[in-house]
Amino acid sequence: MDAKTKLALEKQAVKIRKDIITAVHSAKSGHPGGSLSLADTLTYLYFYKMNVDSKNPSDPDRDRFVLSKGHTAPALYSVLAEKGFFSTDELLKLRKTGAMLQGHPDMKHIPGIDMTTGSLGQGISAAVGMALGGKLGDKNFTVYAALGDGEIQEGQVWEAAMAAAHYKLDNLVAIVDNNNLQIDGKVSDVMSVYPITDKFAAFGWNVATCDAHDFDSIDAAFEQTKEKNGKPWVIVQKSVKGKGVSFMEDNAAWHGTAPNDEQYAQAMADLDKIEKELEER
Amino acid sequence: MADVKIATRESYGKALAELGKVNPDVVVFDADLAGATKTGTFKKEFPDRFFDFGIAEANMVGAAAGISTTGKIPFVSSFAMFVAGRAFEQVRNSVGYPHLNVKIGATHAGISVGEDGATHQCNEDIALMRSIPGMVVINPCDDIEARQAVFAAAEYNGPVYLRFGRLAVPAVNDENYKFQLGKGVQLKDGNKVSIIATGLMVARALEAAETLKEKGIDARVINIHTIKPIDRDIIIKAAKETDFIVTCEEHSVIGGLYSAVCEVVSQSAPCKVVPVAVMDTFGKSGPAAELLDVYGLNAENIVNKVLENIK
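Just so you know, the protein sequences line up as chains E and P, in that order.
Numbering-wise (the working numbering), the first sequence opens with residue 1 and increments by one.
Numbering-wise (the working numbering), the second sequence opens with residue 1001 and increments by one.
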């Protein structure tokens, strides 16, 4: 990835973070922490990596993305809106009665959503089915699925992991967003999922790792997944929950809480500062 | 009417193999029960379109949801207990809520599972599946109906729950029978009482009607194969034209056919409705035929219910 592209993605990611905070603030509820930890990866996927077209959201040959950690919908909605799948005005109506943007992704009513998710552990199974469909239909698309690190406590994730390896789904790339926080606290305290990489390797997956907030590192990990050897890929990304907003970073309290007006102003000031630094670079 | 008895799970397996020939998009998923659910018949014909997911029903249902988004028509199979019970939330959230084109072929429903006992005898699946918005629920009564129901499910765009049994059952319909999704079938006219039955209880309802005829009681017999969406018209007509209704199902009295019929008549044509069903209890081990008697799921009990309630 060249420096210019990287800078463009970094700028785009700040925009996405502002959208996330604005949407959750407007909704007065939602999940900012995990949305911010996944923001860079989603920006990378939709603005750089994936073959998707906002004018043809149901193209049978498109790449798919499944937000298995469906509660971080604000991040996906922000990316889809900025990418032109629907108006950014919709973000201000998030979670409101009669609005298109539901609390969790709804494929039936939201352009660009490839799978309805929200109940943890289920998205990855749907991604397995999509990848199997791709293989069966001789399609060349890749299926990406993002999971939370807390989410992989769900047994269904490991049922899916078994099936993906068994059916040699090397057109499937799972991302585990490892911010080590879930609602009740640290993942390692609530119910340890470690070692994550070894578990997936033992289930027959290729494993890559990256720094979730460094586009060079993200790109290097996704570049590795181009190697097709009959095994699905998992990228375990080390991330910071609440990344980009000083008082939300690495704080489980911001898993599912919306900022008040004062906190909103502070969050936007933090992001303005990052944006300014990027402009001046 | 042929004397040969066929279990509807056998019909399911055969129909899938026939369907596979005419519809290349059909794929079949199973959870290590292909021999019992009879999807093995499809597997033999179309090994490339059959996928075993192992003993992992939740993932199987989710994967079916996913593959349906790529244009395939998945039939997912396991015992009713495990696909409607264990994987209920996957069916609800990954299939029902997005209204995906997934067909659930559940076998070994009801207490006629027999010797395996209560852990495997699912008397709650109709209640569970019926409560999901947009889910079609079909409970065929014999071989011919079961086979046609499989084809009808494939033609319908959306989630369908198909309920099949382990026990061989007699034929109710002949080769001229035409299955229509959502349409009840009046098998025998009558003006005193309406016996509304589903699944293997349909044959038993006809048997009861014969006995009642000998006693001078004219019973109407209706087969409700599609429990959702239910044929309101045929039920309201029965409620208005006969004195009362007896419902017959190999399912819990809670949430199944009895409930569905009561929901219709209580609003549109109030009348007495008497259940023949599994009366809010678990099953137990034993030969299927004996268990059906033990739980009152037989013609004798239907006759008794009619006689007890007749004016």
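Among the hints, erroneous ones may be present.
Derived DSSO-like pairs: lysine-lysine, alpha-carbon spacing no greater than 30 Å straight-line [unchecked claim]:
1) Lys238/E with Lys18/E
2) Lys231/E with Lys1044/P
3) Lys1188/P with Lys135/E
4) Lys1215/P with Lys1284/P
5) Lys108/E with Lys1228/P
6) Lys168/E with Lys1188/P
7) Lys168/E with Lys1311/P
8) Lys139/E with Lys1188/P
9) Lys1183/P with Lys1272/P
10) Lys1005/P with Lys1240/P
11) Lys139/E with Lys1021/P
12) Lys1183/P with Lys108/E
13) Lys1192/P with Lys135/E
14) Lys238/E with Lys228/E
15) Lys199/E with Lys83/E
16) Lys276/E with Lys49/E
17) Lys1215/P with Lys1228/P
18) Lys1228/P with Lys135/E
Keep in mind the hints are simulated off the structure, nothing from the lab.
Verification of the supplied hints:
For the given pair, Lys238/E sits about 22 Å from Lys18/E by alpha-carbon distance, which is consistent with the 30 Å threshold. At roughly 27 Å between alpha-carbon atoms, Lys231/E and Lys1044/P fall within 30 Å of each other, so this suggested pair holds. Restraint check: the Cα-Cα separation between Lys1188/P and Lys135/E comes to about 51 Å, which exceeds 30 Å; the hinted pair is violated. Between Lys1215/P and Lys1284/P the alpha-carbon distance is near 34 Å, which puts this suggested pair outside the 30 Å criterion.
Our distance criterion of 30 Å between C-alpha atoms is met by Lys108/E and Lys1228/P, whose separation comes to about 22 Å. Of the supplied pair hints, the one linking Lys168/E and Lys1188/P is violated, its CA atoms being roughly 55 Å apart against a limit of 30 Å. Distance restraint check for Lys168/E and Lys1311/P: the Cα-Cα separation of roughly 67 Å exceeds the 30 Å cut-off, and the hinted pair is therefore not satisfied. With a C-alpha separation of about 53 Å, the suggested pairing of Lys139/E with Lys1188/P is violated against the 30 Å cut-off.
Between Lys1183/P and Lys1272/P the alpha-carbon distance is near 23 Å, which keeps this suggested pair within the 30 Å criterion. With a C-alpha separation of about 35 Å, the suggested pairing of Lys1005/P with Lys1240/P is violated against the 30 Å cut-off. In summary, the hint linking Lys139/E to Lys1021/P is supported, as the alpha carbons are separated by about 22 Å, within the 30 Å threshold. Our distance criterion of 30 Å between C-alpha atoms is met by Lys1183/P and Lys108/E, whose separation comes to about 28 Å.
This hinted pair does not check out: Lys1192/P and Lys135/E have alpha carbons roughly 59 Å apart, beyond 30 Å. In summary, the hint linking Lys238/E to Lys228/E is supported, as the alpha carbons are separated by about 24 Å, within the 30 Å threshold. For the suggested pair Lys199/E and Lys83/E, the alpha carbons sit about 35 Å apart, so the restraint of at most 30 Å is broken. Note on Lys276/E and Lys49/E: the hinted pairing holds, with a Cα-Cα distance of about 26 Å set against a maximum of 30 Å.
Between Lys1215/P and Lys1228/P, the direct Cα distance comes to roughly 34 Å. Violation of the 30 Å bound is thereby established for this hinted pair. Restraint check for Lys1228/P and Lys135/E: not satisfied, since their Cα atoms lie roughly 35 Å apart, outside the 30 Å limit.
Of the numbered hints stated above, those contradicted by the structure are hints 3, 4, 6, 7, 8, 10, 13, 15, 17, 18, listed in ascending order.
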